[in-house]
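Asker: Sequence:
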Amino acid sequence: VPIVPLRSEQMERARRCVLELAERIAAELDLPVFLYGESAPGRGPAFFRRGGPGELQRRLDAGELAPDLGPSRLHPSAGGTIVGARRPLIAFNVNLRGASLEVAREIAALVRERDGGYPGVRALGLELPGAGIVQVSMNVEDYEAAALHEIVERVTAEAESRGAEVAESELVGLMPAGAAVAAAGAILRIDGFDASRVVELRLLGR
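For reference, each letter of the sequence shown is one residue, going 467 to 672 in this note's numbering.
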């Protein structure tokens with residue numbers, strides 16, 4: 467269960483909401499509750515999901531992991547719950563023309579956090595047979611630490627160095643206005659550009 471504040475200054479409030487919700491889940495549903503994200507830095511959903519419920523229970527039994535609240539055994543049908551405060555997640559893909567699946571995977575490894583790339587970026591190289599292209603598919607968990615335009619620039623440079631090119635980028639769902647504003651300011655080279663310089667956002671007080 468993610469609690470996602472739309473503004474960074476609301477993160478502390480989101481953390482408080484997480485604790486209140488976690489306490490209720492543990493008390494009223496008798497489920498083990500694990501915190502993640504801003505509520506438990508360094509732990510994301512994948513930290514708990516890897517290996518499935520059986521592996522999670524094994525880690526609990528071995529004392530490798532303990533719930534933050536609730537019982538130490540997973541419920542037989544409901545399992546457990548992870549609850550955390552996090553920044554808005556952006557699902558963002560870059561499609562490559564003239565590249566192999568191996569190239570897409572190489573570039574994905576270069577930009578993802580796990581392999582030394584951008585903080586908060588999860589990336590995979592995928593093949594899209596119907597379109598005849600490959601894709602660097604990403605989840606960007608902190609657009610302030612890893613700006614979209616910087617990621618695209620890096621993917622573009624890496625693709626071109628391998629004889630390929632970026633066909634297009636793809637946004638899955640929505641993204642925060644701040645991510646678009648940051649990209650626009652950088653691409654247009656406007657010094658000090660932020661949301662207060664955009665008419666609609668200024669009028670909305672954002």
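Calculated directly from the structure, the hints in this document are not laboratory data.
Computed from a predicted structure; not experimentally measured.
You may find that some hints are simply not true.
Have a look at the derived ranges for each label pair, beta carbon to beta carbon [as the list claims (entries may be wrong)]:
1) Gly-564 x Arg-539: 46 to 56 Å
2) Arg-563 x Asn-605: 21 to 31 Å
3) Ala-528 x Arg-668: 32 to 42 Å
4) Glu-521 x Glu-486: 24 to 34 Å
5) Ala-575 x Pro-537: 30 to 40 Å
Idealized CB from N, CA, C, for every residue including glycine.
Asker: Against this structure, judge whether each hint is valid.
Answerer: Structure-based check of all given hints:
1. About 52 Å separates the C-beta atoms of Gly-564 and Arg-539, a value consistent with the hinted range of 46 to 56 Å.
2. Under the hint 21 to 31 Å, the C-beta atoms of Arg-563 and Asn-605, about 23 Å apart, fit the expected range.
3. Here the CB-CB span from Ala-528 to Arg-668 is close to 55 Å, at odds with the stated 32 to 42 Å.
4. Taking the beta carbon of each, Glu-521 and Glu-486 are about 29 Å apart, inside 24 to 34 Å as hinted.
5. Between Ala-575 and Pro-537 the Cβ separation comes to about 39 Å, which falls inside the hinted range of 30 to 40 Å.
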